[in-house]
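Asks: Single-letter residue listing:
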Amino acid sequence: MKRLLVVLGAACFVVLLIGAMLDLAPASIALHAAVSANLPSSGVEHPVTAVLLNFRGYDTLLEIAVLLLALIVILAIGIDSTTDVRPAASPVLQALARLAAPLMIVVAVYLLWVGAFRPGGAFQAGAVLAAAAVLLHLAELLPGWQSPGLRLRLGLAGGFLIFLAVAAGLLFQGALLEYPPEQAGWMILLIESGLTVSLGLILAGLFLLLSRDDGDRS
Amino acid sequence: MSAGLLFASVGVILFALGVAGVLLLGHLLRRILAFNVMGSGAFLVLVGLAQRNGIADPVPQAMVLTGIVVAVAATALALALVRRLYVLTGKIELPQDDEG
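Chains A and B are the protein sequences, given in the same order. Under our numbering, the residues of the first sequence are numbered 90 to 307, in order. Under our numbering, the residues of the second sequence are numbered 5 to 104, in order.
The set of hints was computed from the structure by calculation and includes no laboratory data. Predicted model, so just to flag it, every value in this text is computed and none were measured. Glycine included, each C-beta is placed from N, C-alpha and C at the ideal position. Certain hints may be false.
Sample of chain A residues facing chain B (criterion: CB under 10 Å; computed from the structure) [stated by the list, open to error]:
#, residue
1, I107
2, A119
3, R145
4, A216
Take the sequences, apply the hints, and build the full model.
Replies: The structure is reproduced here in structure tokens:
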């Protein structure tokens, strides 16, 4: 009975919403025009990066804060180690991981650099870095994390702290995260570099902290 | 129907599938996956509707990029909570409440 009701409700929702979207009036505000008009003063050439780190930098600042918060909560929950025995990684996977990891780091740096004028940026680069760490962990070349030490903690929080420091420094000149146009370029690159390292570590930590097991406790 | 509208329609269907999954599935891992399907549907609606006139709008794209990262964090947190629940109770389901 409940199943039927839910399925019927979902189907009605789909039909109504698609029907509404089909005769939706065109948007009254053209944001893409505003973005391309202000692009020269943003310090970067790609509109998505300009929106993420300049026009709506506030969102990105809070986003990295949310990620950090999620990691802290996971640490606070205190994960009990599991006793599952995982099959040993095959030598083929290990050799492939050894080959791929340096390439992935190069790709991450490229994505970070290219974000200023093409699709790319700190988040994509951080995701690639995290994927490299997870790959190495699955190939048993990198142990799971027990509890982060001081250096790791600094790396995890560094991106957020750099971002916050730049935002607070700019507060003296007027508004939060309102870069002066001539210095916006290197400020965004500084923030993005910090974000890349921290995001890579945080995303990897979300996996590596959850997957520690008794074998890692030595 | 433009490509943007098609994306948005698929997003609506994904969202409805996700909602049905969250409501109907008992296993918490499946429920987290359904929740992610729901989120992906919402992102697709945002991006699709924004480019229904053929012009890509960078603002919703940036918002969706932010949303994806936050969704990853939320999923990891949910998985950590599920593991804690499993360690404490030995089950991967929420306890049934009998009429309140």
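Asks: Could you tell me which of the numbered hints above are not met by this structure, giving the numbers in increasing order?
Replies: Structure breaks no hint.
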